[in-house]
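Colleague: Chain residues, written in single-letter form:
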Amino acid sequence: MLGSLGRGALSHKALTVGLAVIGGILVVGFFVPLPHDPVQPNPANTLAPPDGEFWFGTDRSGFDVFSRVFASARLDVPLALAGTLLSIAVGVPAGLLAGTKSRWSEAIMRGLDMFQSFPLLVLAFAVVALTGNSLRNVVFAIALVNAPRFVRLVRSEALSLRESRFIEAATAIGASRTRVMVRHLLPNTLGVVLAQASLAAAHAIIVIAGLSFLGIGISPPDASWGVMIRAGSQNIATGQWWVSLFPGAMVFCTIVAFNVVADGVHRLIGRVED
Amino acid sequence: MRHRTGRVAKRLVFIPVAVFIVITLAFGLVNVLPGDPALLIAGDLASDERLAEIRAELGTDKPIPQRYGEYVHQLFVERSLGDSYFTKRSITDEIIQRFPDTLELVVLGLLGAVLYGTLLGVLSSYFRRRWPDRVSRLSVTITQSIPDFFLGLLLIYLVFYKLGWAPAPVGRLGLLDLPPERVTGAVILDTIIARDWGLLRTAAHHAMLPVITLALFYSSHFAKTSRAVLARAFTSEQVEFARACGLSEMKVVGYAFREARTPVLTYVGILFAALFGGAAIVETVFAWGGIGPWAIEAMTKLDVPAIQGFILVVGLLTLLVYLVLDLVVVALDPRVSYE
Amino acid sequence: MAPLLEVNDLHVEFKSRRRTVYAVNGVNFSIGEGETVGMVGETGCGKSATIRAIIGLLRPPGRIASGSIRLDGEDLTGLDARRLRRIRGAGIGFVPQNPFGALNPVLRIERQFRNVVRAHRRAGRGRIREDALEMLNGVGIADPERILGGYAHELSGGMAQRVVIALAMVLDPPLVVADEPTTGLDLTIQRQILDLIGKMATTRGSSMLLVTHDIGVVAQYCSRLLVMYAGRVVEAGPTNIVLRKPAHPYTEALLSAVPRRGRRLIAAAGAVPTLLSRPVGCYYYDRCRYRGDSRCATETPDLKEVSPGHWAAVFYRKPTMSAQEQAPEKATTQAQAQEDRDGDDAPGTD
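Chains as they are written, first to last, in this note's numbering: chain W, 1 to 274; chain E, 1 to 339; chain X, 1 to 350.
Derived from the structure by calculation, the hints contain no laboratory data. Glycine included, C-beta positions come from ideal geometry on N, C-alpha and C. Incorrect hints may appear among the rest.
To be verified - Derived lysine to aspartate or glutamate pairs resembling DMTMM-like cross-links, with alpha carbons at most 20 Å apart:
no., chain 1, residue 1, chain 2, residue 2
1, E, 301, E, 83
2, E, 251, X, 9
3, E, 224, W, 263
4, E, 162, E, 177
5, E, 251, X, 80
Stated by the list, open to error - Footprint (simulated), chain X over chain E, 3 or more residues, beta carbon under 8 Å:
no., stretch
6, 153-161
7, 236-247
Claimed, not checked - Far from chain E, some chain W residues (derived; all Cβ distances over 10 Å):
no., residue
8, 37
9, 74
10, 78
11, 97
12, 103
13, 121
14, 131
15, 163
16, 190
17, 191
18, 229
19, 236
20, 237
21, 259
22, 268
Kindly produce the complete structure, drawing on both the sequences and the hints.
Modeller: See below:
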C-alpha cells in the first residue's frame, strides 16, 4: 500500500518536474519580456562573452544569445508539439487499422517496413527542402519521421488488447468492429500513446534543431536553437563557447524534460520498462 | 536447411520489387512534391519566358509519367544518374567521389556505437540496480538527449580547444597534408593501402572526434536494446543451467550475449540507414567532405538529379545492408530457419 | 560415515526494499552416499529455494540468511564465488525442469559439452568428445555422433532432457539435484526419463536429490522422502514407512488427496501461508486437522523421531478434542479438480 503510494508520488513528481520545465521554457519565451530584441542584432557588440548586460553573451552578428534562446522556444517547442500531434493524427488511426484483422493490416505493415528502411531524417530534410522553407513543411517532416512509431505502438497494443477478455466480450455482444476500435481499443491505448507522444516530441526537437542547423525550414534571423548552434559553430573552435552552448543546453533540457514526462506517464500507467 | 535457403530465396525475389520501389520513391519525392527548381535556379525576378526556358532545359515541363519513363530509361539504358543542374557534372562521379568518405565515417561510428552501447548494455544488465547500471543509464540518458551535431561541437570545444588532444575540425587530414593516392576513396583505407603510417595516424586523429560523436549519439540504441534482451537472458533457464554446470561468469555472459546478437545486428541495419542522415550534419560540423553535406546542399538548391541520385544510392545501399544482415542472422542462428 | 550432503538449519530470505519473503525457515536433512532422496511439497513450499541454495544459485534478492550446507564436510555457504563455481557441475550436478530452456540454442551440443568439461579441467577435444559420446550412449541416445553435431532445437523433449542429464553428469558429480526433471515432458516419456535418472545415479554411484510432484515416482525411486511445507521439512523418513504411516497431518492430507489411480501429488485443502513474516506457532496451524491446545498456536514443533529413522514435526499424532468438532475441510478447490483430471491421465503405478 505504502509502496504503491510512493510509486504514485514518484511518478507525479517526475511528471510535474518535466512538465514544469517545458512550461517554464514556454512561459519565459512567450510572456516574459526579453532583455534584448531577439531578431535585431547590435553590431556594436559582436561575440561579447556573457556579462551583466548580455547574460549569455552575443554572437558574431551581435544577437543577444539569452533573448534568442528563449525566443527560440516560441518556435521550436510549438513546432515539435504540432508535428507530434500530426504524427498521432496519422499514426494512431493507421495503427488501429493495422491492429485489426483486416486485409489492410498486412498492407500497412509491409508498407511501413519499406518506408522505414529509408533514412527518414534524410527524407525529412529532402521533403522540407523540396516543398520550400515553411513552418508548415517542418511540421509535415516531423510527422513523416514520427508517425511510424505510433503506427507500430498502437498496432501492438491493439493486438494484445484484442486477445483480452473485455474486447472479446464486446465482440460477443455484437459490437461492430469500428465500435470496438473506437470505444474500447482507443481509450485503452491512451496512456502509452501519451508517453510515446512525449518521446516523439523529444525526437521532434532534435529533428527541428537538425533542420534549422542546416538552414532548412527555419533560417536566420528567425530564432531557433538549431540556427543558433549553427551560428556559434564557427566560433566554438576558437573558444567562444557561449554562442552554441546555451541553445544546445536548452535543447538538452527540453529533450530530457520530454523524456522525463514520458517516463512519468509510463510509471503512472504501470508500465515501467524494466 | 531447405527452410534457410527458402528464406534467403524469398529475400532475393523481393529485391527487384524493392529496387523498383526505391526508384519510384526517389523519382516521386522530387517530382510529385510541389516546389519548382526552375524558380530557384532563375531567382525570384526571372521572367516567365526565362522560367519556361529553364523548365524546358531541365525537362520539368513534361508530364510526370513521361518524365518517369525517361528517368527509368536513363537509369537502365544509359546507366546514368544524370547531371547536376548547376555544376553539370555527372551525379555518378560526384557520388563516387564522396561516398567512400561517408561510408568510412558511418562504419567506424557505427562500430564504436555497437561496442560502447553493448558494453553499457552488458554492464547494466549484469550489475542490475548496482552502480555500473546507474552509470550506464546516465550515459544513455545524456547521449540520447544531445543532438549529435551539438555533441560534436562540445567535443570540439573540450577536446580540441581546451585540451588540445584533437586536431582542428578541418576535414579528413590537416590543411597541409597531401591525401594518399586514391584507391578506394576512403582516406583511412587508402593510407593503409599506401602503407603511409604517418598519414594514417593523422587521418585517424582527424577521424577521432567525428567517430566518437556518432558512436556516443547512437550508442543509446544499442545500450537499451541489449540491456532489455540481456536482462531477460541473465534470468533465463539457459543461463541458470550454464551456471549450474560451473561455467565461468565470462562464459555465462557469452551465453547470454548470444541472445542479444540478433537484435543488436538488426539495429545495426536500421541505424546504418539512419546514419546517412545523421552523419550529414556531423560531416558538416567537422568539414568531413562526404556525401552528406553535398546532398544537403543539393536539397537546398533543388538540384533534382543530385537529390534523386542520393536517395537512390542510399536506398539501394540500405536494401543491400538488410540483405547481408539477413544472411548473417541466418548464418549465426540455427533456429531462424524454423521460423 | 558422515553423510555426503548435510543441510543444517537452513534459512533463505528474499529481501526487497518493501518486503521480505521467508522462503526457507530452518531446513534440516542429509543425504548419504549413493542414496536417492525424494523431496515433495506444494508450489511455494520452499523446495526450489532449498535446492537453489544448495547449488549456490539463489536469484537476487534471495540469500542464505543462516545455516549450513555441507558437501563432503565442506560448508558451501561460506565459499567465495570462485570455489562455488568449481563445486557446481563437478561436485553437484543439476538437472533442471525444462530441457529446452536449459540447452544453449545457438551452440552445437558438442561445444556445450566442451564448455562444461573445460570449466573444470583441461582436456583435449578428442578426449571430451569421447566422454560425451559415452555419456550420450549411457543416457540411451542411439546416434550420439549426430546429436553432438546438432543443435538443441533439433531434439525432441525426451532427447533434450537426456542430453541435459548427460551434461549434468559428464563430470561424475557425487551428488545430482534434479528439479522436477519431467514436468515439461510427455507422460510416456516422463517414466523413461525417471528410470534413466535412477539408473544413471545407481550405475555411477551418485547420490540424488529428486524434487517432484509425483508420489508414484518417489515411491518407486527414492529410499527416503522429505515432505516440505512453508519452508520447513515437516516429515522425513524411509519412503515406504512415510507413505504407509504418515505422522504429519500435512503428509496425510497430501496422500489422501492423491487420486486413486494416478497417485499424483496434489494440493491439500487451504492455502500455503504467504511467508511475508515467520508465523508464530506451528506453520501448519491454520490447516491442521489435529491442532489442539495453545502449544500448537505458540510453539513451532521441531522434527522429532517418531519411529526409527522416521521424523515428523508434530506435537500430536491423533485428533485432539477441539479439532474433532470441526469437520476437516474438504479439498474441493478448482486447482484440485484440475489436478484430479491430470492425475487420471497419469499411468497407474499399482
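Colleague: Checking against the hints above, which ones are violated?
Modeller: 2, 4, 6, 13, 14, 18, 19, 20 and 21
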